[in-house]
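Following the hints, position chains B, C and D with the ligands against chain A.
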Amino acid sequence: MDAFGSATTEKGVPVSQPSSQTTVLDEESGERGVPVVNDFSIQVATVNGSGSQSANSVLMRSIFQMGIPVSGKNLFPSNIAGLPTWFTIRANKDGWIARRKELDFLVAMNPVTAREDVETLDAGSVVVYEERLNLSSIRDDLTYYPVPFAKLATEIASDARLRKLLANMLYVGVVGELLSIDLKEIEAAVAKQFKAKQKAIELNLKAIAIGADYVKENITKSDPFRCERMDKTAGKIIIDGNSACALGAMFAGVTVATWYPITPSSSLCESLTGYMETYRHDEDGKATYAIVQAEDELAAVGMAIGAGWAGARSMTSTSGPGISLMAEFIGFAYYAEVPVVIFDVTRVGPSTGLPTRTQQSDIFSLVYASHGDTKHIVLIPANIEECFEMSRDAFNLAEGFQTPVFVMTDLDLGMNNWMADPFDYPEGKLDRGKVLSAEDLDRIGKFERYRDVDGDAIPYRTLPNTDHPLASYFTRGSGHDERAVYSERADDYKRNLDRLNAKYETARTRVPAPEVSLVDGTRIGLIAYGTTDDAIAECRDQLDREFGLKTNYLRVRALPFTTHLSDFFDSCDRVYVVEQNRDAQMAALMKNELRPDQIAKLRNILHYNGIPVDAQFVTDALIAGEKEGS
Amino acid sequence: MDAFGSATTEKGVPVSQPSSQTTVLDEESGERGVPVVNDFSIQVATVNGSGSQSANSVLMRSIFQMGIPVSGKNLFPSNIAGLPTWFTIRANKDGWIARRKELDFLVAMNPVTAREDVETLDAGSVVVYEERLNLSSIRDDLTYYPVPFAKLATEIASDARLRKLLANMLYVGVVGELLSIDLKEIEAAVAKQFKAKQKAIELNLKAIAIGADYVKENITKSDPFRCERMDKTAGKIIIDGNSACALGAMFAGVTVATWYPITPSSSLCESLTGYMETYRHDEDGKATYAIVQAEDELAAVGMAIGAGWAGARSMTSTSGPGISLMAEFIGFAYYAEVPVVIFDVTRVGPSTGLPTRTQQSDIFSLVYASHGDTKHIVLIPANIEECFEMSRDAFNLAEGFQTPVFVMTDLDLGMNNWMADPFDYPEGKLDRGKVLSAEDLDRIGKFERYRDVDGDAIPYRTLPNTDHPLASYFTRGSGHDERAVYSERADDYKRNLDRLNAKYETARTRVPAPEVSLVDGTRIGLIAYGTTDDAIAECRDQLDREFGLKTNYLRVRALPFTTHLSDFFDSCDRVYVVEQNRDAQMAALMKNELRPDQIAKLRNILHYNGIPVDAQFVTDALIAGEKEGS
Amino acid sequence: MSTTTVKPPSGGKVNRLGLAMADYKGGNSTLCAGCGHDAITSQIIRAFWEYGVEPHRVAKLSGIGCSSKTPAYFLGQSHGLNAVHGRMPSIATGAMLANQDLVAIGVSGDGDTASIGLGQFCHMLRRNVPMIYVIENNGVYGLTKGQFSATADYGSRSKGGDLNELPAIDVCALAIQMGCNFVARSFAGDPKQLLALIKAGIAHRGTVLIDIVSPCVTFNNHEGSTKSYPFAKQHEELLHEISFVPFFEQITVDYEEGDVVDVALHDGSHIRLRKAGKEFDPTNKGEALKMLMETNTNEELLTGLIYVNEHGQDFMSSLKLVDTPLAHLGQERVQPGAEALQEIMNSLM
Amino acid sequence: MSTTTVKPPSGGKVNRLGLAMADYKGGNSTLCAGCGHDAITSQIIRAFWEYGVEPHRVAKLSGIGCSSKTPAYFLGQSHGLNAVHGRMPSIATGAMLANQDLVAIGVSGDGDTASIGLGQFCHMLRRNVPMIYVIENNGVYGLTKGQFSATADYGSRSKGGDLNELPAIDVCALAIQMGCNFVARSFAGDPKQLLALIKAGIAHRGTVLIDIVSPCVTFNNHEGSTKSYPFAKQHEELLHEISFVPFFEQITVDYEEGDVVDVALHDGSHIRLRKAGKEFDPTNKGEALKMLMETNTNEELLTGLIYVNEHGQDFMSSLKLVDTPLAHLGQERVQPGAEALQEIMNSLM
Ligand SMILES: Cc1ncc(C[n+]2csc(CCOP(=O)(O)OP(=O)(O)O)c2C)c(N)n1
Ligand SMILES: Cc1ncc(C[n+]2csc(CCOP(=O)(O)OP(=O)(O)O)c2C)c(N)n1
Ligand code: SF4
Ligand code: SF4
Ligand SMILES: [Mg+2]
Ligand SMILES: [Mg+2]
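Protein chains in written order, with this note's numbering: chain A, 1 to 630; chain B, 1 to 630; chain C, 1 to 349; chain D, 1 to 349.
If a hint is listed, it holds; no wrong ones were tucked in.
Incomplete in silico selection of chain D near chain A, CB under 7 Å:
{"#": "1", "residue": "32"}
{"#": "2", "residue": "116"}
{"#": "3", "residue": "144"}
In silico contact screen, one side only, chain A against chain D (beta carbon under 7 Å); selected entries:
{"#": "4", "residue": "79"}
{"#": "5", "residue": "80"}
{"#": "6", "residue": "81"}
{"#": "7", "residue": "83"}
{"#": "8", "residue": "261"}
{"#": "9", "residue": "266"}
{"#": "10", "residue": "295"}
{"#": "11", "residue": "296"}
If you are wondering where the hints come from, they were derived from the structure by calculation, not from laboratory data. Cβ atoms here follow ideal geometry from the backbone N, Cα and C, with glycine treated the same way.
Just chain A, same shape as in the assembly (with noise of 0.2 Å):
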């Protein structure tokens, strides 16, 4: 370990950040006997492919049911077992539910990471922790509540296999106790998860019985934490950010998907082939779509391309690398004008990069996406809720401006769990776009493929097996002229190229326009997109209570930008951009279309090894810029 290592860090969370380690919210809850309820941050440490995520899934649904507001982030290694796995919960009765840097208790389970799990906490921290692990030696500001897990897994079941899988139902057990969490909430919780299975069911809430009976008999709580009752989670519900863009696709009606398998976009299509299954067959069984598992990312997107070519409301969906391979076909679709939808769940890059852990930095990779001149729409889903109604939009601009359009989330948002509203049911027509029907050519009685002719730069096309003498014509990348023929001519081609940035335009008044929150008397901005928006929701309760700074913000819903920006920044003196990426790729961005006294403005504040951004990190760096700034 070398100097920075080892510094004091938080699961390897560079305290080289602005810091300021505790936060009010600590020093509160650090007072022992006041009871600190709905609020607080629970982390599990075990090693992944040990069965941990059922019981995690089980206590984060268990607090969420007793209506408290709750959000589970999954830190899990990019191999399949064996590895150490950090899942926190946050509860928080103001709904925060961004990640929050310092956690209040600690479930220990994995000896590996022990030491340190232990040694990142802040004092007044809890922890349960394997008897045998012996960590209350290590410093004595903490609660321990030592819990013989291993001896106790031995009630449970004979069969050494299932006996660790039931093992983790114990600390759901004592952390429930401990927690106060309502043991009806926790049997309600398990048969959700193991949906019809009895005999599971039965198992593991013996496990949990078994740890909560432990509890009662062995454990004086002496920490503050306790759940209540609440109702701010009524009628919510709980999805990943994948399956909720799966439903997105399902209810656009979407007919092909090809992919091909990569984290953490592979549950997307997995969960889409789940919903299809159910959902879009005919009677006689048939299936009104097809899903193909792709040999790579050039193949996905290919056959997405040649489906949407063809008629077919056509996706596929990656991560960096696919988009950096399908960076030629983005190319040939841009300038042959042929829809598709791309979901670019985003991961740590470059390279390989951290497989499992979340950042925002394809944001170049995807607007510029391809060699030569290319400018593509993004859509940035920042909540659940938006990834069902972007990904609908996304198929409905895609076709509607026959261009590749994406949807960028990442990690955190995909593959997590969140709190979301139940979806509105999609009222109103799909987009199809201009496509002519062999009937629209009798009328018209022409047909030029690449004409403007409505003046929004965007040309009618007709799909092949259309019955019409004047129907038929050839796509390519080459140089081409409004008929669609090949043509070298200097003046065919920048016509062309013109008209595709003037739908580029078109596209600004169409694409889902930023939310923007203006507060009266205050001249700062803050902009963010994506994930980033829950840290941003906290952190500016944080400035207004802590220092009594009201912010304005802005959140990015969509590249191009609309006209909101533009505003937004002449409202503001200083503006300070959020994002999950090194690069500032997002301002970078803002930079090449703002003007200069819009500029000027311009502060960047920038997270990114890998951990979702919390709203300390942004408070903190919005006050040091603020010292100096103004």
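Same frame as chain A, but now just chains B, C and D with the ligands:
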């Protein structure tokens, strides 16, 4: 044809551009009688595959040998035979060799394009054409010289194929005679063209003589254009940019070159092969290099990276589509820190675009290649000499910084023949970078692959097959710590990514600095890069002579930018960034680094129809800009 | 499918749809005079005309190369797509997913297929995507001026005189390995055989691979080339004489048993293989591979229907799609109802 | 090449270089307990140790996948490179170009090789790049949680119960088609055979393909899988019993003529194939392909040395390079002199 297309065009160059069709120069040459010496543009319109290329080279070379500065540009189609091709030769006593939009002397050999070729001429131009085409009827403000080429051809050879080939030499004779090009020089050029092939030389000279004689006997010259011997080309060479890059690579000691054919880059590795076969074999005939034609670009760059990792000076060459395909691997080399040189001879995108036209639109694709936070070094030669020198720089930088380094030229520079000064022999040691041998390891007794030991953010590496227990390490595109051990730790990751960023900052101080020319008393600046340089040079002269406007000029020679860029903006009030792409890609990179007050000075001049930009275009655009701007 | 609305030119010879051969022509070729590819284009036009395929039902697909330009030169009334280099198979797969009523014909080159495109080519074959896949095989990259491709034979020489020291990829043997059920090889200089094979290909369901030696007169027609007209003419070894009997014509039995193999194709058409020299059963995989291996070593250019199996399952049928092409499904069929969403939401609460 | 400077642990068993097996170990595996890949790792360690390869001469290469992680678990004293997914063959080719003294061993998975990497895999085989290419074949994408790969057998079922309706790519048959001269198949549960094959592979010059069924205990070891331990154990069909005699040991003739085939390898080592049931000649391509085709249809897992040919030319020798590895050539040998430049300049004037 629509509104645009039907407007007068020049090879389809739309007039929807800063126009003023006749320039001062034209007016001069317009006046009959007054001889116009060593200042004119010839265009030869033929079909490709007809062997006209050697005729055109002979024509260009013979003018060159008369000491007259000359440039030749081949406007050819993306097919092998039978489509229109135009070859333009510009002779200019002042040394302006950029493309000139206005033509003075047309040789119309292609019936298909003859009409448009004639229609787009300026008044006062000369037309040499195949008698039977009857072009003289088209307009009456031109000088026509009909020549019965077909008939004359029959006199040369009986064999049809041979006749077809030699027919082209006829117009060399005709034009040579009309422009009073010294016959001795033509003979010398022919000898050079056909090397030792005596028979070919004789036949071609015969054809030339027939053409010349026809003029002597049947044509009375009534145009002002003439060649006169001068001394501006003495000691110069003629070569294409791809060959110059190949020579640069050979004299930089390249040992592995892997490539996949693609226009306009193919001839780079092909001429490299030719030179290496002559100069890089040992006495015993064994090769000190390996050149491999890969199955595609992914393999080409993969092989080059594998070779760079194992210690070879390795390179690949490609064009836009190849760059897109290489993206993933380039990100790997960036993150794993493997040296490799990648030549991108750019063509018109997006997608297949116009494979045989020129453009500068791969800048985003190069500098941001691959997903995640990546930034790359790009060298940008503007002329033959720099092709040679920067190829060497590229290898030194790639090994010096252990990262991919791009050399970006374009079709215009890469595939056309240019005058140039003979290359200076590269003195000095090759920079093979920080490579530790077994002896070094014995001395140091410690090796950590990714540790910044010297404070320049550049770590040390060892090569496979280094016989020392400390030598080995594991290279990967996934997260790693200083010792190259797999790591998912946030602190390890961030520290490494920050070091890569610092390495890029170090590169700012070592890449070729821009060429800056500051003129007293002006606050107007021009910025360009690559082949645009020729047009800028002439444009600055035009601005000076025609508008009394003096200009500063900065030519970007590499990315990342050096401090000179900022200084230049400070020394100007308005800066016109001239690029051959639609999206002002280089300007966008500048905006991302300049101060707002500097950005306020930035204006764009963009030319992107695939034809090399000409001085008049820039002059007109700048004057227009000044009208509003100031 | 209604037939296309184009009227036959009064008087002219027409096919069963009443269309003249002209209705199957495309734009003018811009290839070199004498290029083998143009000869193949002519037979594609004739085959689709004689068979009577409705032009609007055809999807013409290709990659990049001189060969890949040819779809612009035939079937001008069909949609076409000229993809990126080596990736046509994925485009074809996607197009068929969107609309299984399409008759897809892909034209590729040896570089496009066997060099950069090898992976997609193999996976398309493995999936048995219904389409006719024509390789215009000249052993070089024509469009980039004559470099060796992966099908250039070991020991053959480039126009510049370079020796090729790598073994050629035999795309037919490869196709058989990958499970292709219709594998044929032909020669641009053998129009009759070519015509029969293409028509048979139209009648087959699944991937149809036709590897056609198609000389590049500009870069690979010299001494030392094994893909030149002269070389192919000298070394062509007919597996059999092929004739095609479309489903809409009577089969006449005009041959003695034994010396003719008659293969019934998917749509009821028949292909007849009349013995020519070699004993050979095109329905036997092992034999086909052995035959290819032998002829390759003897430098023979084996042409004919090398392997056929009419019992294989093609990709589309394995997907069990609704009969209406996916591209034409209305919103009501692709957007599940509100109750479906409700059910899902409940399961997540 | 001098031998490595590591001292043998006093007393411990050492190989001909005086190295202990520990000197050939790598980092701790992070794979699932029981993963077939770990079993293969052990045999790679043992093979390189027993053969006595100098660790520093070895280049370990891989793509992406659980299998591709294994090079970090063996030969810790060798350089290694974990490339991007499916592209290890091009990296290996480049590394050998730079330094032909390297002993390259690549480890890949069935997805890494037969899905995304199929193109590069075939072209590497075609070039006959000298390296040992190990495929740890489990029929699924382990690292992405068990989706079918292109080697999953037709009719096999995923852990989730899905049916695979695509035919498997037989990488051995493919390798033979592509001209590979050393093609073997083995099973992670058959360490003895595996060990002999890897050592023989070290002795061969050219690409050595070893396809090893390596069960994924987490995602593909269930009923219905054809790549599970139980299935492989039940269906394994030994082509022969294999033993390896390194060049530095005496060959003892301890068998009756006929029932043993003895193959002399490039470096003087020998591989001995003792007949086990089937009559089989591993030097006959056609026979090898036929055998594979038969056993595949009979659902037999054929293991052993399927095809070997010691007379093929490998890629490096075809390049006729100087003896010093290109990576080690000094400036004086790679930068031509001033007179060379002068000569070139003159030719351009
Ligand atoms: C990604 C990419 N790489 C390279 C090229 C350049 N290129 C165009 S055609 C071609 C090869 C064509 O050879 P083949 O497929 O045999 O067709 P042919 O011209 O011989 O008919 C190549 C390498 C390209 N267009 N795209
Ligand atoms: C370009 C790219 N696409 C997808 C992935 C995700 N991915 C990682 S490993 C893998 C498949 C591994 O399967 P296999 O090669 O069989 O190895 P195994 O894990 O089964 O040993 C995939 C698809 C990736 N890393 N890179
Ligand atoms: S170059 Fe060759 S392949 Fe291309 S068109 Fe000409 S002859 Fe045909
Ligand atoms: S997931 Fe499968 S392949 Fe991967 S380590 Fe576990 S058992 Fe092995
Ligand atoms: Mg070819
Ligand atoms: Mg696998």
